[in-house]
Each structure stands twice: as structure tokens, then as C-alpha cells.
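Could you slot chain B onto chain A? The hints should help.
There are 2 protein chains.
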Amino acid sequence: MIPVQAAAKRLGHQSMRFETAPAIIASASVVGPREGQGPLGRYFETVLEDERYGERCFEQAESRILKDAVNAALGAAGWQETELDALLSGDLLNQTVASNYAVRNTKMPFLGVFAACATIAEGLLVGASLLEAGLAARVVAAASSHHEAAERQYRYPNEFGAQRPPTAQWTATAAGAVALVVPATGCETAGLPRITYATIGRVVDCGQKDPYDMGTAEVPAAWDTLVAHFRETGRDPAYYDLIVTGDLARIGSEIFREGMRRRGLEVGSRHVDCGVLLYRPEQDVHAGGSGAGCAASVLASYILKEMRAGRFRRVLFIGTGSLHNPVSIQQGEAIPAIAHAVAIEA
Amino acid sequence: MIPVQAAAKRLGHQSMRFETAPAIIASASVVGPREGQGPLGRYFETVLEDERYGERCFEQAESRILKDAVNAALGAAGWQETELDALLSGDLLNQTVASNYAVRNTKMPFLGVFAACATIAEGLLVGASLLEAGLAARVVAAASSHHEAAERQYRYPNEFGAQRPPTAQWTATAAGAVALVVPATGCETAGLPRITYATIGRVVDCGQKDPYDMGTAEVPAAWDTLVAHFRETGRDPAYYDLIVTGDLARIGSEIFREGMRRRGLEVGSRHVDCGVLLYRPEQDVHAGGSGAGCAASVLASYILKEMRAGRFRRVLFIGTGSLHNPVSIQQGEAIPAIAHAVAIEA
Numbered sequence: 014m015i016p017v018q019a020a021a022k023r024l025g026h027q028s029m030r031f032e033t034a035p036a037i038i039a040s041a042s043v044v045g046p047r048e049g050q051g052p053l054g055r056y057f058e059t060v061l062e063d064e065r066y067g068e069r070c071f072e073q074a075e076s077r078i079l080k081d082a083v084n085a086a087l088g089a090a091g092w093q094e095t096e097l098d099a100l101l102s103g104d105l106l107n108q109t110v111a112s113n114y115a116v117r118n119t120k121m122p123f124l125g126v127f128a129a130c131a132t133i134a135e136g137l138l139v140g141a142s143l144l145e146a147g148l149a150a151r152v153v154a155a156a157s158s159h160h161e162a163a164e165r166q167y168r169y170p171n172e173f174g175a176q177r178p179p180t181a182q183w184t185a186t187a188a189g190a191v192a193l194v195v196p197a198t199g200c201e202t203a204g205l206p207r208i209t210y211a212t213i214g215r216v217v218d219c220g221q222k223d224p225y226d227m228g229t230a231e232v233p234a235a236w237d238t239l240v241a242h243f244r245e246t247g248r249d250p251a252y253y254d255l256i257v258t259g260d261l262a263r264i265g266s267e268i269f270r271e272g273m274r275r276r277g278l279e280v281g282s283r284h285v286d287c288g289v290l291l292y293r294p295e296q297d298v299h300a301g302g303s304g305a306g307c308a309a310s311v312l313a314s315y316i317l318k319e320m321r322a323g324r325f326r327r328v329l330f331i332g333t334g335s336l337h338n339p340v341s342i343q344q345g346e347a348i349p350a351i352a353h354a355v356a357i358e359a
Numbered sequence: 014m015i016p017v018q019a020a021a022k023r024l025g026h027q028s029m030r031f032e033t034a035p036a037i038i039a040s041a042s043v044v045g046p047r048e049g050q051g052p053l054g055r056y057f058e059t060v061l062e063d064e065r066y067g068e069r070c071f072e073q074a075e076s077r078i079l080k081d082a083v084n085a086a087l088g089a090a091g092w093q094e095t096e097l098d099a100l101l102s103g104d105l106l107n108q109t110v111a112s113n114y115a116v117r118n119t120k121m122p123f124l125g126v127f128a129a130c131a132t133i134a135e136g137l138l139v140g141a142s143l144l145e146a147g148l149a150a151r152v153v154a155a156a157s158s159h160h161e162a163a164e165r166q167y168r169y170p171n172e173f174g175a176q177r178p179p180t181a182q183w184t185a186t187a188a189g190a191v192a193l194v195v196p197a198t199g200c201e202t203a204g205l206p207r208i209t210y211a212t213i214g215r216v217v218d219c220g221q222k223d224p225y226d227m228g229t230a231e232v233p234a235a236w237d238t239l240v241a242h243f244r245e246t247g248r249d250p251a252y253y254d255l256i257v258t259g260d261l262a263r264i265g266s267e268i269f270r271e272g273m274r275r276r277g278l279e280v281g282s283r284h285v286d287c288g289v290l291l292y293r294p295e296q297d298v299h300a301g302g303s304g305a306g307c308a309a310s311v312l313a314s315y316i317l318k319e320m321r322a323g324r325f326r327r328v329l330f331i332g333t334g335s336l337h338n339p340v341s342i343q344q345g346e347a348i349p350a351i352a353h354a355v356a357i358e359a
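In the order they appear, the protein sequences are chains A and B.
Going by our numbering, the first residue of the first sequence is number 14, and it counts up by one from there.
Going by our numbering, the first residue of the second sequence is number 14, and it counts up by one from there.
If we strip away everything but chain A, and leave its shape as in the complex, we get (with noise of 0.2 Å):
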């Protein structure tokens, strides 16, 4: 058996701190109607007016936002479509095509990443990775989904009018991108939010069958990747100033909270939901949000935004997906769940 060259950044089995902590030096996110509506409205980059955004199909509509969020993210941090050393993303959409059909024929090096809602962390975590091993230079994570592209590739159609229990999360229609850069040494980084740690997820499932109540499915992975998280770091939640999920929405969110104070990781009003976060309670989507495109675009514009501004120092952002399909469930499986942890500190 060949000696193997311990890894000196690993921290426990699932854990990893970035030397170099990358900064985030732009974001940026376009959303639906209905998101742009709700409280974070005026964080996002563009608003769309409808659905179809011009496109002659959700679908196409869908890798469009994704496409404009991943190029104002660039035009924010000043980079040429060239310059840009890999983009890492995925979204809900079957073989992720939102992301395929976003950046085909563009310059772009494409890395898809899936991870359901969890994507955008997943792709922050592997993006890090590329730039604090010297591969990479700039680098974009984004993620997306779009409500009626959701509804029919993942769900069922809207045309089908199936009733939505009070646990349903609605799938946003929206965008995130975030570039990311390790700051040349000397330069002024003060302020800038910087990726300092990561927790990689593990698949949990605990047998829940109901894909109208992702949030509650999500949980247990949520838990499972947070433990690993302080123990593996040493840090307790108090650490953080916020700690945000994505997307547990409001029933997930009281399970969430419950459990990590059961096992005395109380997390309490440091804990927001980004499926909680976008939509206000009158706007009829049920227990939140979800998909992709949710945590994606509440972190590339509040969570970022009001870090630059100095409100959040210290975040804790921890992606959570549920990884069936409509096949597995019709044939009787349950949710398998993740969550992927990103430790991201001004």
C-alpha cells in the first residue's frame, strides 16, 4: 500500500480551512416577479417582469437569468468572459440544462455541480478548491431554477393543478452568481467577505417519503454537516453572527432550530432560511422557498451585500438539497438529503 501524504488544510473527516481564504469580490443575482416582490427586492440586480423573460420557453427562460446573473457578476468584478478560469454550476432541471444551454458557446470552462438547492454551496466549496490549489485565478460559482421550468421537469406541471399542502415550498424563479478570487498578497482586502472553511455533506435519509415537505427532509443532513462543522473546527454557533440555510423554510426551519439545541449547538436568531427570507408570509408560497436558485440569490444579494456593508462579519452558510426525483419518489423510495457548509468571514 502506497504511504498517502496526510492533507494539512483537512480538519476531521469532513471539514477543510482555505489557506488562502478566497474573497468574494462581486455577486449578483436576477430574479421573477413574484421574488422581487418580496422583502429582498431591492437587493437584486434585475428583476424580471415575466416569467418567460422573452424566451419562447420556461426552460430557456430559466438558463437566461442564470446567464445574466453569471455575466453581471462578472461585469462586476471587471473580468472578461476570457479571463474567467472555470464557472462551476448546476441547477434543478433534469441533466442540469439550465446551466448547459446558459453557457454553451460562450468562453466560459464549465464545471457542472449538483447538489439540488445546495448547488450554489457546493460550487462556492469546489471553487475555493481551485483557486487555494493555484489552479485558478477567478472563478464563478452560480446556480439557478425557475418555478414553471421546476414545476414541470421536477415536480408536476402546473397545468396538472395538483394541490399544494401547507409544507410545499415554492420553487423561486432566480439566479445567483458569485466571483471569487484569491487577493494578491499586500493588497487592501479589508471588509471583503473571504471563504475561510468548508464542511463537505454526507447523504442522509431518514426515510421521509413526502416531496411536499422537502424542508423537513432537509433537516437531518442540515444537523448532520453542522455537527462536523463546530466539532471539526472547534467554533460553537455563537462564533458566527449568522447562520443561514438554504432551504429549510418554516417548518424545516423550527426542526432545525429544535435539534441543534438538543444537542447543544443552540443556533437561536443567528439562524435565518433563505426560503424563509424570500418571499413574505401574505405572498401565498406556503412553508418558503426553495430550489437552486434561492439560496443562490439570497446569498449573491442580501447575505453579500450586507456583509460589504458591514452589518455580517462572520457567516455561516450551509446549503441544504434534497437529492430524489419524481421517479424515486413514484417508486416508493424516500429523500435522500444533503447540506454543504461555507464558512465566509469580512
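Heads up, some of the hints might be wrong.
Here are the simulated BS3-like cross-link-like pairs (lysine-lysine), alpha carbons at most 25 Å apart as the crow flies [as the list claims (entries may be wrong)]:
#: 1; chain 1: A; residue 1: LYS22; chain 2: B; residue 2: LYS120
#: 2; chain 1: A; residue 1: LYS120; chain 2: B; residue 2: LYS222
#: 3; chain 1: B; residue 1: LYS22; chain 2: A; residue 2: LYS120
#: 4; chain 1: A; residue 1: LYS222; chain 2: B; residue 2: LYS120
#: 5; chain 1: B; residue 1: LYS22; chain 2: A; residue 2: LYS22
Covered stretches of chain B, going by a simulated chain A footprint (3 or more residues, C-beta under 8 Å) [stated by the list, open to error]:
#: 6; segment: 76–82
#: 7; segment: 96–103
#: 8; segment: 170–177
#: 9; segment: 271–280
#: 10; segment: 313–320
Ranges between beta-carbon positions, derived for each pair [as the list claims (entries may be wrong)]:
#: 11; chain 1: A; residue 1: TYR169; chain 2: B; residue 2: GLY54; range: 39 to 47 Å
#: 12; chain 1: B; residue 1: TYR169; chain 2: A; residue 2: TYR169; range: 55 to 63 Å
#: 13; chain 1: B; residue 1: ASP249; chain 2: A; residue 2: ALA19; range: 35 to 43 Å
#: 14; chain 1: B; residue 1: THR59; chain 2: A; residue 2: GLY199; range: 52 to 60 Å
#: 15; chain 1: B; residue 1: GLU267; chain 2: A; residue 2: PRO16; range: 44 to 52 Å
#: 16; chain 1: B; residue 1: PRO170; chain 2: A; residue 2: GLN93; range: 25 to 33 Å
#: 17; chain 1: B; residue 1: ASP249; chain 2: A; residue 2: GLY323; range: 18 to 26 Å
#: 18; chain 1: A; residue 1: GLN343; chain 2: B; residue 2: PRO178; range: 39 to 47 Å
#: 19; chain 1: B; residue 1: GLY25; chain 2: A; residue 2: GLY199; range: 23 to 31 Å
#: 20; chain 1: B; residue 1: GLU62; chain 2: A; residue 2: ARG293; range: 56 to 64 Å
#: 21; chain 1: A; residue 1: ASN118; chain 2: B; residue 2: PRO179; range: 27 to 35 Å
No wet-lab data here; the hints were simulated from the structure.
We put the beta carbon where it would ideally sit given N, CA and C, even for glycine.
This is chain B only, laid out in the frame that chain A set:
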């Protein structure tokens, strides 16, 4: 604008050099009956007697062959599941459920990747990056496909009886897994396959709309990546003993070789294709094999075993993937494709 730290190991726009040259210390493959009867039959660890593999549906059978391949690679590497720092895996099923269910309730930190039939190449590339960064010490990259499950979720169900034209490729029932480490300094590594370079692909769409001719759709992406690879690394095709694509199949391979010749990059008899290698011409698979498990299983068996045996020393492995889905084809879109290249040298 923040001054950006240059990436020391980046070569041009798409390529990367792995200074640590992560070593492939083990690999394993599990294939279906038809694949076992092909010319590579003796190279596979496990050949199924039937496509269901004792599971109640084809999708769960795919999860199981993937899990078996990963566990066999772990076993061959001498690792416990709890020692693994990251599994990178993906597959053709919607929302990559074969991978998701394969690892549920295991202890493996999991990162979902998707590049259709090029998934194993992306997994190797990202896995090697985690090692290069010192963020992980033990990584497995894997991918799978299953003929019947893919026909149901990715093409037409078998019961539909769609006629296959001669350009069609046969989705392989197969899984491959590859275990990577950075060997400790000073240890004996002679003959061990090492990942030395990689070139990240871009999404190329040349307007080809026929999902029964994916090899042809993928060829321009393969050209794009290989032109970049040779330009950015300063190598030429003659440097390599073997240039392996996966999967252009018979028709795509001819167009690929002709196009490389016209670009002044003659690959000639150095070129083989996983989709051509996997089946005998009389096995009625039309143009050849495809599916994320095709390239993964051929790499994990024939290619790596012959490298360890000293028959091949310098291999350029190019995963090629079609990035459409059935809905996008029905909507009149063409097939975007991607190719990721990984240089493996013993």
C-alpha cells in the same frame, strides 16, 4: 478592483498542471451482462448476471452497481469508508439519483458532479484539485449508467419500442470508480498512474439536434478541448501512447480523427474510444457504447490495468458528454456538448 493572485499552476485559458501529480492507487468496475460479454470482459471486477441485480427497479440496480464499484475501489485501496475525504460522482439519471441513493447513509463526504458521459473526467479533475490543494488526502471519483434506467429517464422507455438508427449509441450498464491520493514524499511510486495535467472543457453547440447521434454532437467539444490542451501544455499528440475519448463511438470517432488531422494534430492509431472498445461489432449496439458508466468503467478497468502493467505510459483521457435532455430536444434545441481532458502518466 482587487489585484488578483495569479494561478501558479494554470496554463492558458483551460489547462492546469498538478504539481503533486495525484496517483491512482486503485480502481474498480462493475458492468452488466452485455458489457461483460464484450471484448473487455476479463478486465471488470464484477459482471452482473442480469440487469436488475436483485433490486426492485433498474434505478436502484444502477445505484447498487455504483456503490459496489466505489466499495471495491475503497477495498483495493485499503481504505475504510470513514477514511474517504470526498466521493465525486454523477450519472445520467435525472437529478443524478443513481449517485445520490448509492451513498445515502454512508459516511462518505459527497460532491455531485455532472458532465453526462464526461462525468468521470470531471470527477478526476475536481478530485485531483482537492488533493493538490491539500484539502483532501483520499478521494474517489466515480460514475455510472444503466441501460434500462437511462432509456426510461433519458430517452424513451424500452416498452415504447423506438427504432434505433445506425448512429445511435447504447447506454452501457456500467460503473467505474477510481481512488486518488498524493503519495507521501519519498515513497516508491514507479509505474503508478499519476494525474499530471487537465484541461477543462467549454460547452460547444454546433446545432446538431439528433439525440440518436450524440457522438457527432460531441466531436466539436472534443476538438475544442484538445486544441486547447495541446496548445496550452506545449505537447502534441505524439507525446501520448494513447488518446482515449469516451464516448464518440464509431461514427463520431472517424469525424474526430479527420478533424484533428485537419487541425494539424494527427491522432491516428493512438486514438481509441471507450464506446468502441466496450462492445463487439456483432453485439448490436449500433455505433457503440455511451453513458456515464461507459468511459468510467473502461478507464477503471482496461486503461488503468494496462497502465499498471506497463503497456501504456502516457494516456490522455478525454471524457465527452452531450448536455441536452429529452425535454430540451422536444423543445427544438440542439445538443450542447463538453469534453474534459485528463493526462494520466505512469
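**Item:** Numbered hints the structure breaks, given as an ascending list
**Value:** 6, 8, 9, 10, 12, 16, 17 and 18
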